[in-house]
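S.K.: As given, the protein sequences belong to chains A, B, C, D, E, F, G and H, one line each in that order. With the first sequence counted from 1, adding 7 to any position gets you my numbering. With the second sequence counted from 1, adding 7 to any position gets you my numbering. With the third sequence counted from 1, adding 7 to any position gets you my numbering. With the fourth sequence counted from 1, adding 7 to any position gets you my numbering. With the fifth sequence counted from 1, adding 94 to any position gets you my numbering. With the sixth sequence counted from 1, adding 94 to any position gets you my numbering. With the seventh sequence counted from 1, adding 94 to any position gets you my numbering. With the eighth sequence counted from 1, adding 94 to any position gets you my numbering.
What the hints contain is simulated information worked out from the structure, not anything from laboratory work. It cannot be assumed that every hint is accurate.
[Stated by the list, open to error] Derived lysine-lysine pairs resembling DSS-like cross-links, with alpha carbons at most 25 Å apart:
{"#": "1", "chain 1": "H", "residue 1": "Lys262", "chain 2": "F", "residue 2": "Lys262"}
{"#": "2", "chain 1": "E", "residue 1": "Lys262", "chain 2": "G", "residue 2": "Lys262"}
{"#": "3", "chain 1": "E", "residue 1": "Lys240", "chain 2": "E", "residue 2": "Lys262"}
{"#": "4", "chain 1": "E", "residue 1": "Lys240", "chain 2": "E", "residue 2": "Lys170"}
{"#": "5", "chain 1": "G", "residue 1": "Lys170", "chain 2": "G", "residue 2": "Lys124"}
{"#": "6", "chain 1": "H", "residue 1": "Lys262", "chain 2": "H", "residue 2": "Lys170"}
[Claimed, not checked] Quick look at which bits of chain G chain E covers, simulated, 3 or more residues with Cβ under 8 Å:
{"#": "7", "stretch": "203 to 212"}
{"#": "8", "stretch": "224 to 236"}
All residues carry an ideal CB built from backbone N, CA and C; glycine is no exception.
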Amino acid sequence: MRIEVNGEPHEIEAASLAEALEKLGLADATVATALNGDFVPRGERDGTRLSEGDRIEIVAPMKGG
Amino acid sequence: MRIEVNGEPHEIEAASLAEALEKLGLADATVATALNGDFVPRGERDGTRLSEGDRIEIVAPMKGG
Amino acid sequence: MRIEVNGEPHEIEAASLAEALEKLGLADATVATALNGDFVPRGERDGTRLSEGDRIEIVAPMKGG
Amino acid sequence: MRIEVNGEPHEIEAASLAEALEKLGLADATVATALNGDFVPRGERDGTRLSEGDRIEIVAPMKGG
Amino acid sequence: MDFYGVETRSRLLLGTAQYPSPAVMADAVKESGAEIVTVSLRRESGAQRAGQDFWALIRDLGVRVLPNTAGCHTVKEAVTTAQMAREVFDTNWVKLEVIGEEDTQHPDVIGLVEAARVLTDEGFEVFPYTTEDLVAAERLLEAGCKVLMPWGSPIGSGQGINNPFGLKALRAHFPEVPLVVDAGLGVPSHAARAMEMGYDAVLLNTAVAKAADPAAMAAAFGRAIEAGRAGFEAGPMEPREMAAPSTPVMGKANLA
Amino acid sequence: MDFYGVETRSRLLLGTAQYPSPAVMADAVKESGAEIVTVSLRRESGAQRAGQDFWALIRDLGVRVLPNTAGCHTVKEAVTTAQMAREVFDTNWVKLEVIGEEDTQHPDVIGLVEAARVLTDEGFEVFPYTTEDLVAAERLLEAGCKVLMPWGSPIGSGQGINNPFGLKALRAHFPEVPLVVDAGLGVPSHAARAMEMGYDAVLLNTAVAKAADPAAMAAAFGRAIEAGRAGFEAGPMEPREMAAPSTPVMGKANLA
Amino acid sequence: MDFYGVETRSRLLLGTAQYPSPAVMADAVKESGAEIVTVSLRRESGAQRAGQDFWALIRDLGVRVLPNTAGCHTVKEAVTTAQMAREVFDTNWVKLEVIGEEDTQHPDVIGLVEAARVLTDEGFEVFPYTTEDLVAAERLLEAGCKVLMPWGSPIGSGQGINNPFGLKALRAHFPEVPLVVDAGLGVPSHAARAMEMGYDAVLLNTAVAKAADPAAMAAAFGRAIEAGRAGFEAGPMEPREMAAPSTPVMGKANLA
Amino acid sequence: MDFYGVETRSRLLLGTAQYPSPAVMADAVKESGAEIVTVSLRRESGAQRAGQDFWALIRDLGVRVLPNTAGCHTVKEAVTTAQMAREVFDTNWVKLEVIGEEDTQHPDVIGLVEAARVLTDEGFEVFPYTTEDLVAAERLLEAGCKVLMPWGSPIGSGQGINNPFGLKALRAHFPEVPLVVDAGLGVPSHAARAMEMGYDAVLLNTAVAKAADPAAMAAAFGRAIEAGRAGFEAGPMEPREMAAPSTPVMGKANLA
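Just chain A, with the same shape it has in the complex:
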């Protein structure tokens, strides 16, 4: 299935957002997620189905002013 992860196209097989994170090697990481522009809380990642063309954002702590 073709989706977009942090702006990059990805070919990935993942039923849920949680699964996608795992495949991306970020299952354990301190990250937050958004699907098509909306925040998806950690607790809802399992239940969040992905479909062709979805846009996922995965963000982590970074320096800031």
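Position chains B, C, D, E, F, G and H against the provided structure of chain A, taking the given hints into account.
M.R.: Coordinates of chains B, C, D, E, F, G and H only, in the frame set by chain A:
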């Protein structure tokens, strides 16, 4: 009938706003009018009925910055 | 003999500046002296004769900015 | 005779400052003169003898702020 | 100068309030060379008819009027006042004021943008009294304003230009929009400076009306605005840290 | 304006250096309305006779000249230069410069006072280029100067007035003495401000000569100086912390 | 200092960006004495996991974090970013930025108020990055903000306080609200001045991170903020126009 | 810090006048960390012996004293006062004041240079209270001064630094000479700024003595001076016109 004109209570007999202006000696004056906070164009003064407790504002040109 | 001490007229009997200081109760004090506008070092007070009308200034440490 | 005119060495035969000015083509010009750093008024140019090594300055009106 | 398609030669807009007398006001307007004066609306009584006399006086001056919504604190008030002004003064122009704080007469830019939108839709030509806020300015232009009037400092304070950086940024950001410094100027050099910053015009009242000699001060401001504009157009020198002698160094006599 | 008994209508003294061309300089002088221009003395050669042409040009302008001692670093140099200038320009006036530091063209007030004394004794009418130093000013007056010309900022820097406090104190301290802000102004508003501070005149050169359009800038400064002076005489309002609405609050309609 | 019920001794909030290295950043935070640092959220890749390392570094500092919504231009973006930040950083605090103009990083106060309302309703404790706009400030407080963070000048410009009048008015208008000068300060004296104006704290980043020696500059700012606050509390003298000799005049010897 | 070969850690010189009480003065000196205090000479009477008590108090503070010639208007007065001070305080140091104008306590730089020459010849180590005049400064150094103390603004005015350009030029011109801003500072940020300008130390009195809490204000100034100096040494960033976001733009999530 008791109405308020420019913030002052008035006892006045006037069926329309136009008539009220006449009674107030401002029929011919360069003024604009508002009834209960809404603008009443010159052309609608005749057709604007007054009723007990109405608030009329009658304003004219004045110095300004 | 009439002299001026710190701007005030004084009737004083003193042959030398040192003697005058003694009479004024300042022999032991930490002060500096001037006679008629010129500095008189401590060591020269004994040898400094006074005469009628002399102006003596006696100054001590004071607060300053 | 060797003199300096406005900072430049000149070989010139002139008994007086006036004569020097003439030889320099400035007899008629609106200029002021100095000899060895001192002002020489127009009226004294004739009477001002020159000698070897003298420094003459000849100045004229120029733009200024 | 061009405001909503109206050409003016003068770059000074003058207020008509606070003068010692109507006659002095009239003189000041004449001396200033202003072609636009601001006016307001106030309650009229049949007994005094004060407004009628004032209006006659203004008409005699042969200038264009810019009615304001001074003292309005809500969008509703401002809009209704503008509607009444349009009828009385027979002009689509309005100096839109929506005041958010009394002591500083601080514009409420949020209400201002909203009111500007409503009035533009009703065919008004809005002159918004605003701050140096770049983003509010953008919204006002989107709302249809074709002029912006940022304050220099609080109305009537005479402090001049409190935030030169902000006003410069506004000018740089909107090179094509007519910008008027409105309020707070105190002396002619304040107005000249505003023009040198590239502003298109200046709106004044208190500095003229409260001067010892209002007519003379009006003339002084008029001249200062011309001077500042001319200076802007003449292309000023670049300031530099060091001195640079104006008189040529070369050719200096050696008088040692 | 009165300088040593000479009446002038204009309050602008203009320098003649640094213009793109003599013709532009002449235009700038005319546009500025200046009645006094500053000039200097430089070495003349029989071959070029450059000075003769310059002098003819200036004479045609029909203005009064104020010769300077620009570039002089010692009392001796300045005095001799003044003596030569008096003969050439046929005037007792001299703009006395004794420069103590090159990069800032900082006046050497100690040498300045000494040179002023010598020249006054020789019958000169001295216009000293000085700093805002109150005490040096006092000494210059004692030396016989009847005009003072403090700098605004370093010559040719265009920074404007670097020490407003100092210049205000000088004005307050010598209410009767003609005071000219000489050097450092960059834009017309600087000149207007100097006049609003109560200064009697302004001396300029670089800001005009180095403008993109010198003649236009000259006119702009001329007008700004008139505006600033007129503003000063018209009695400006007192600035205040808070706002004060110009439009009357009384009589405002209640449109709630 | 009290932010949303959290007590801090330090009045300095420090940014964590733009340092030569993470180690230098850590030193700077320690030297500054800051108990609160700002952080952001950026895209994470499984390959680099850069964010994980950064987060570990910050946690080791034992300071409280204030996540920002830097770079957000819409209410939606800012709100979603805040929601993600709350989960990642496990805090209700958010430094809310809604940027309306890129070159000046000018806050969009209209969007800011809207976003603040949404976030407060969701239980966030909002630190809004705003301007000196008094009316927008009022709206932000109505929206539930209990802190305001007006800019001193554009982020990273180091210009200091561009509109002292505006910041003073804001302070005077909201005596009880914790006010933080956020952005634009360049040197320690800027921070001291902000504190002397009665501000409660200062938020810095570039001035420290871009100094030749960030850790030393962090310490300097920390000390300057303490000094400014102490000066404010110690009750400064009233400035006066004239001089007043500190050394007593009485009792001076007459040495004529 | 090095004054005439004497090393001090503190960069603050504090005056001892105008405090509510001797005890408060003593506290202020301690809190300030100053190692040098200024004192004067006044007439002593055998009856009160006020000076003796004051002197005992100062000696207990264990600080170095810098006697001044406050109030002296002539070279003669200043020289004689210095001679008496040397004997009483047993130090070659003297803060040389030759006042030329009362209302501003303006230094008479001409008399100052003359007095400095005389005193240096007699073996004094002179700390001249002067203006920002570059040329006078040069003469003072020629006269043997190894420290310069330009004013910030009139003594006791609390206005801060009236002529930053002048003080910067002085610093740039004499990079090696110890420079002390003496007089006129009002709040800690003024002192921090002086240090950021590269000045070596600050001399204060009124701002501390007339504060509501002198000891606390003394500490505040002490800290501000350390902060300003540390900031100067830490190499501040370059200010810029535009903003530069501190938080990285790269990697920002797209939440549209």
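S.K.: Take the hints in turn and mark each one as holding or not.
M.R.: Going through the hints against the structure:
1. Lys262/H / Lys262/F: Roughly 21 Å between the alpha carbons, so the hint for Lys262/H and Lys262/F holds.
2. Lys262/E / Lys262/G: Holds, because 21 Å separates the two Cα atoms, which is no more than 25 Å.
3. Lys240/E / Lys262/E: 19 Å, holds
4. Lys240/E / Lys170/E: 22 Å, holds
5. Lys170/G / Lys124/G: 35 Å, violated
6. Lys262/H / Lys170/H: With a Cα-Cα distance of about 32 Å, the restraint between Lys262/H and Lys170/H is violated, given a limit of 25 Å.
7. 203 to 212: It holds, with 3 qualifying residues against the three required.
8. 224 to 236: holds (count 7)
Checked against the numbered hints listed earlier, the structure breaks hints 5, 6; every other hint is satisfied.
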